[in-house]
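First to last, the sequence lines map onto chains F and P.
Here the working numbering is used: the first residue of the first sequence is 22, the next is one more, and so on.
Here the working numbering is used: the first residue of the second sequence is 37, the next is one more, and so on.
Any given hint might turn out to be false.
[As the list claims (entries may be wrong)] For each label pair, taking beta carbons as the anchor points, the in silico distance ranges come out as:
{"hint": "1", "chain 1": "F", "residue 1": "72", "chain 2": "P", "residue 2": "53", "range": "38 to 46 Å"}
{"hint": "2", "chain 1": "F", "residue 1": "347", "chain 2": "P", "residue 2": "164", "range": "49 to 57 Å"}
{"hint": "3", "chain 1": "F", "residue 1": "346", "chain 2": "P", "residue 2": "128", "range": "21 to 29 Å"}
{"hint": "4", "chain 1": "P", "residue 1": "190", "chain 2": "F", "residue 2": "42", "range": "26 to 34 Å"}
{"hint": "5", "chain 1": "F", "residue 1": "54", "chain 2": "P", "residue 2": "65", "range": "53 to 61 Å"}
{"hint": "6", "chain 1": "P", "residue 1": "192", "chain 2": "F", "residue 2": "319", "range": "49 to 57 Å"}
{"hint": "7", "chain 1": "P", "residue 1": "53", "chain 2": "F", "residue 2": "86", "range": "24 to 32 Å"}
[Said to hold, decoys possible] What the simulated footprint calls covered on chain F by chain P, stretch by stretch (three residues with Cβ under 8 Å from a Cβ of chain P suffice, anywhere in the stretch; the number is not a length):
{"hint": "8", "segment": "59–68"}
{"hint": "9", "segment": "327–334"}
Simulated from the structure, these hints should not be mistaken for lab results.
Remember, predicted model here, so these are calculated numbers, not experimental data.
Here a beta-carbon is modelled for each residue, glycine too, at the ideal position from N, C-alpha and C.
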Amino acid sequence: MREVDWDLLADHLGGALADSRTERQVADLIATDPAWAWAASELSAALAAVATDLRALPDPVLPDDVAARLEEALSGAGQRRGRATGGHLAGSQVAAAQGSRRASRTGPGRKAGPDRERGPDDRGGSRRPAGRPASRRRLARWGSGLAVAAGLVAFAAFGISNLGGMVIGGDDASGIAADRGNQAEAAPVSPSDSEPPQLLASGYDYRRGELSQRSGSSGTPLHAPDGPLGQPDVAGAPDLDAEDGSDLVPEALRHLWPLPEQCLSAVIASYQAEAVRPRAVDFAYFEGQPSIVIWVTTEQGASWVSVVGPGCGSTTAGIDERHRSQLD
Amino acid sequence: MTGGAGRTDAELLHAHVAGDANAFAELFARHRDRLWAVALRTMGDREEAADALQDALLSAHRAADRFRGDSAVTTWLHRIIVNACLDRMRRRRSHPTVPLPDSRGNDRFDRTGVGGAEPAAPAVDHDTVLAVRQALATLPEDQRTAIVLVDLQGYPVAEVAEILQVAEGTVKSRCSRGRARLAVLLGHLRGGVAPAQEGNRDPERDVPSRSGQVPEGGAR
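Bound-form chain F, shown alone (with noise of 0.2 Å):
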């Protein structure tokens, strides 16, 4: 006698099992069996016991407090989309890596197939000239309306200039980001602060011990003679725009695509240092979870990696940091 799977037993109630082998075994066991049998009919009871409970559940209505938060968090919204540097996505190009450890890897995020059969002759000519070099080809860049300088100076441009509201983790750490955010407003901005950080989606899956790994003389990608941490170059990678690049983007970070502002700011932020400039931006996987990867740069040459989960940047969950690491 095969002992009575209750899952199984469900699954066949509720109508999941359709038309497969397992619906017609199952079909045959409460037949022929028993203890199937008398299971089926107390699970059926039961079921309709447990809709007659749901359906004492009264219906919620938005209370009148929490409609006002909310509406106070869009208007916020709102205004910080009108002050954004308007076309901060012209000529942003986002390179795919196609890191063999993503090979296998399917879902919602990866239309890896359909877009990279497309070649640089689907846009009618290629949009680099032959002969760039290949570490170039996973430059990226937000344009020059969003050029990052020295710590919180970038995001002034965003007229994020009220930070006191954005919790970070702790009282001490907003009032310093407030405080460095006023004074930025007046510290001059040298042109070699303004590179922009390098936006990747790789579609790479970090792991922790590759992270505490120099990956390039300035510890950032962009020196990295492969990829970020030595996965398979891409010659003949096509260009993505920002556009596309979102497909390659895990569903999970979509919403925080292509810049995470005030995660970014908030990563900066949680350094507590002076002059922590994000170089580089990957929204990929770290152990398997939909993650960005952000590389850092401190005024003293120390190099740093954040990974931070899809809440990064929300109002009360701060910055949903994973994983963070010195590069040595």
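Given chain F, work out where chain P should sit, using these hints.
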């Protein structure tokens, strides 16, 4: 559905993308109770639901230009809300998720102290409501979100499948197994012969003779 302004959901969303400062708020106002219900019923806690809904709305507000129109706007909004809830739930892994009653015996689901009933609503069995909410809160996330959307919100399985981006059979399985687990928790199945709390299909102990054709490939 068209409101006083006569614009469809999609038109409002496009207007928002085009710079209409009021369009998004109008879109939200149109669906706010439903969206709040999903957040509240999924999170089981009023404050966390407000946080999750805010996360979701800000995300939708920013990401509106990426709405491709291959699903209804409400489907897209629901998907963002469910994802925001799941993100928060996963981040609070180390904290209890069961909405324990406060000192007055009311759960943190609402603050009215009347088990969530509106003043004008018919009398609600407070004990049942509390028990059901507590039971829902202990379900695995996947089963809970499926039950909230199908059984509580009443959305068709096909639409829920789109919201959750899984197969319809998967939605049905999550609902069925979730309901079975609720049946145990709510005392509708006798002890000793009921499904184990963890589900009786442990992937590590799977017996080779089983067909293995489980819609989701294993119990949760």
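Cross-check of the supplied hints:
With their beta carbons about 41 Å apart, residue 72 of chain F and residue 53 of chain P fall inside the hinted range of 38 to 46 Å. Look at residue 347 of chain F against residue 164 of chain P: about 54 Å separates their beta carbons, and that is inside 49 to 57 Å. A C-beta distance of roughly 24 Å is found between residue 346 of chain F and residue 128 of chain P, which places it inside the suggested range of 21 to 29 Å. As the Cβ distance of residue 190 of chain P to residue 42 of chain F is approximately 32 Å, the hint placing it in 26 to 34 Å holds.
A beta carbon spacing of about 55 Å between residue 54 of chain F and residue 65 of chain P agrees with the range 53 to 61 Å that was offered as a hint. The hinted window of 49 to 57 Å between residue 192 of chain P and residue 319 of chain F holds, with their beta carbons roughly 53 Å apart. Separation of residue 53 of chain P from residue 86 of chain F is about 29 Å and conforms to the stated range, judged on CB atoms against 24 to 32 Å. Coverage of the segment 59–68 of chain F by chain P holds in this model, with 6 residues showing a Cβ closer than 8 Å to a Cβ of that chain against a need of three.
As drawn, the segment 327–334 of chain F meets chain P at 3 residues by the rule of a beta-carbon pair under 8 Å; at three or more, the given contact holds.
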